[in-house]
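Trainee: Could you build the full structure based on these sequences and the hints that come with them?
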Amino acid sequence: MNNPAEIKKTNIILFSGDYDKAMAAYILANGAAAYDHEVTIFHTFWGLNALRKDEPIAIKKGFLEKMFGKMMPRGADKMGLSKMNFAGMGPKMIKNVIKKHNAVPLPELIEMAKEMDVKLVACTMTMDLLGLQKEELMEDIEYAGVAAYLGDAEDGRVNLFI
Amino acid sequence: MNNPAEIKKTNIILFSGDYDKAMAAYILANGAAAYDHEVTIFHTFWGLNALRKDEPIAIKKGFLEKMFGKMMPRGADKMGLSKMNFAGMGPKMIKNVIKKHNAVPLPELIEMAKEMDVKLVACTMTMDLLGLQKEELMEDIEYAGVAAYLGDAEDGRVNLFI
Amino acid sequence: MNNPAEIKKTNIILFSGDYDKAMAAYILANGAAAYDHEVTIFHTFWGLNALRKDEPIAIKKGFLEKMFGKMMPRGADKMGLSKMNFAGMGPKMIKNVIKKHNAVPLPELIEMAKEMDVKLVACTMTMDLLGLQKEELMEDIEYAGVAAYLGDAEDGRVNLFI
Chain A
2 MNNPAEIKKT NIILFSGDYD KAMAAYILAN GAAAYDHEVT IFHTFWGLNA
52 LRKDEPIAIK KGFLEKMFGK MMPRGADKMG LSKMNFAGMG PKMIKNVIKK
102 HNAVPLPELI EMAKEMDVKL VACTMTMDLL GLQKEELMED IEYAGVAAYL
152 GDAEDGRVNL FI
Chain B
2 MNNPAEIKKT NIILFSGDYD KAMAAYILAN GAAAYDHEVT IFHTFWGLNA
52 LRKDEPIAIK KGFLEKMFGK MMPRGADKMG LSKMNFAGMG PKMIKNVIKK
102 HNAVPLPELI EMAKEMDVKL VACTMTMDLL GLQKEELMED IEYAGVAAYL
152 GDAEDGRVNL FI
Chain C
2 MNNPAEIKKT NIILFSGDYD KAMAAYILAN GAAAYDHEVT IFHTFWGLNA
52 LRKDEPIAIK KGFLEKMFGK MMPRGADKMG LSKMNFAGMG PKMIKNVIKK
102 HNAVPLPELI EMAKEMDVKL VACTMTMDLL GLQKEELMED IEYAGVAAYL
152 GDAEDGRVNL FI
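Protein chains in written order, with this note's numbering: chain A, 2 to 163; chain B, 2 to 163; chain C, 2 to 163.
A hint or two may mislead.
One copy or two, either will do: identical chains are not told apart, so a pair holds if it fits within one copy or between any two.
[To be verified] With a straight-line cut-off of 27 Å between C-alpha atoms, the simulated DSSO-like cross-links for lysine-lysine are:
1. LYS135 - LYS115
2. LYS93 - LYS61
3. LYS100 - LYS61
4. LYS71 - LYS54
Worth flagging that the hints you see were computed from the coordinates, not collected in a lab.
Remember, predicted model here, so these are calculated numbers, not experimental data.
Mentor: This is how it looks when you write it as structure tokens:
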């Protein structure tokens with residue numbers, strides 16, 4: 002129905018590793034996908050943690066990379082809040098209100114995004130920097146660098162850095 | 002004077018509950034309004050606190066909602082800084098330099114925004130999540146969800162997530 | 002080769018004073034410049050610290066301005082991380098992995114940006130607020146306010162707030 006010139010694009014850089022900010026990113030992404038936007042979430046720096054598998058993966062790493070890997074949360078469900086984290090109490094409270102109000106928790110928002118063909122991209126440069134390897138990240142995602150992001154973003158209607 | 006195609010739109014998502022970030026959002030919004038942009042600030046998550054009335058409002062709430070309500074700042078003037086908050090010393094310093102340099106403090110920036118017809122929107126989904134009710138927020142604001150934001154943003158010249 | 006209508010613009014507001022966020026801003030800016038975008042980084046609030054000279058500059062200041070000046074990092078190399086700062090351990094780790102992976106540290110990213118004609122702008126309003134004076138900031142930068150930012154941004158293909 003659309004010709005290519007009419008396709009609306011939304012491009013979100015998810016830099017943050019906070020549960021609440023990642024929720025906002027995925028809610029916006031899924032909303033835009035529902036309105037027929039072509040949507041990409043480009044995960045860079047701490048935002049890569051949203052894509053991590055939740056089990057530890059046996060992989061050979063250098064000392065620094067091992068330390069980063071241990072200190073960073075393994076997957077969406079383990080991420081903290083940007084505000085009122087209270088040593089992990091905040092995320093529990095948020096998850097409780099999410100359940101109580103029938104809202105959708107982050108790991109399911111990510112699954113929904115995949116089902117709606119939101120393109121989930123892991124930034125290869127920062128994967129390298131933080132010592133994250135493909136085996137540690139979920140399936141069905143793409144790998145790209147800043148050039149690919151810019152290629153998408155320069156035609157984007159809605160470009161956000163979260 | 003303008004036909005609809007020429008109206009420039011600026012759409013800011015205010016996710017942050019920090020005094021300094023909210024200042025930046027409102028300074029940008031008021032600037033854009035002064036240059037004839039149609040401006041919307043969509044307040045979501047902790048950004049909703051900028052819209053709270055500063056007195057406590059008697060309302061029936063569940064336990065979690067009551068806790069969030071108590072822990073979050075009541076209104077713009079009570080918000081902390083994103084950097085160098087120093088248990089509240091930072092905001093006092095900022096407010097002192099604002100006064101000294103004849104800059105405009107956040108509560109007045111919000112009043113100015115209203116006078117310039119900046120559309121202030123509260124995100125209903127995150128109000129629900131954080132247990133905030135309309136009675137607790139200031140007058141003259143609108144209520145909407147992510148679909149309304151996307152409708153504005155897809156025609157936006159300047160879209161920012163703060 | 003391009004007519005003016007075809008020049009693509011990228012405008013980044015760097016609000017954050019975090020090493021990692023500033024890295025992201027400069028990597029995006031340098032990438033966009035490499036793809037022939039006209040790129041501006043508008044440094045406001047804590048983002049101004051990326052432009053500070055690293056030596057102390059003798060200048061007459063009021064008490065509050067002096068305190069801000071002492072508490073804020075002097076230049077890109079002294080900035081902390083947004084996550085896992087660990088009282089300065091985090092930045093050391095990041096700098097080590099940057100070196101190990103032959104990535105580019107922030108001060109060199111800033112030099113590269115200048116060489117690629119990325120326009121580095123310091124927000125005069127927040128300089129005033131934080132008591133920063135031109136003598137304290139690096140050479141080859143421009144000074145402007147929110148109106149100049151909006152003039153650039155309303156024609157921007159990629160506008161980000163970092």
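Trainee: Give the relationship of LYS93 and LYS61 under a CA distance limit of 27 Å: within one copy only, between copies only, both, or neither.
Mentor: between (33 Å within a copy, 22 Å between copies)
Trainee: For the identical chains here, do LYS135 and LYS115 meet the 27 Å Cα criterion within one copy, between copies, both, or neither?
Mentor: within (18 Å within a copy, 34 Å between copies)
Trainee: Measure nothing new, just compare the shortest in-copy and cross-copy C-alpha distances for LYS71 and LYS54 to 27 Å and report within, between, both or neither.
Mentor: This pair counts as within: shortest intra-copy Cα distance 13 Å, inter-copy 35 Å.
Trainee: Give the relationship of LYS100 and LYS61 under a CA distance limit of 27 Å: within one copy only, between copies only, both, or neither.
Mentor: between (38 Å within a copy, 20 Å between copies)
Consistency note: the structure conflicts with none of the earlier hints.
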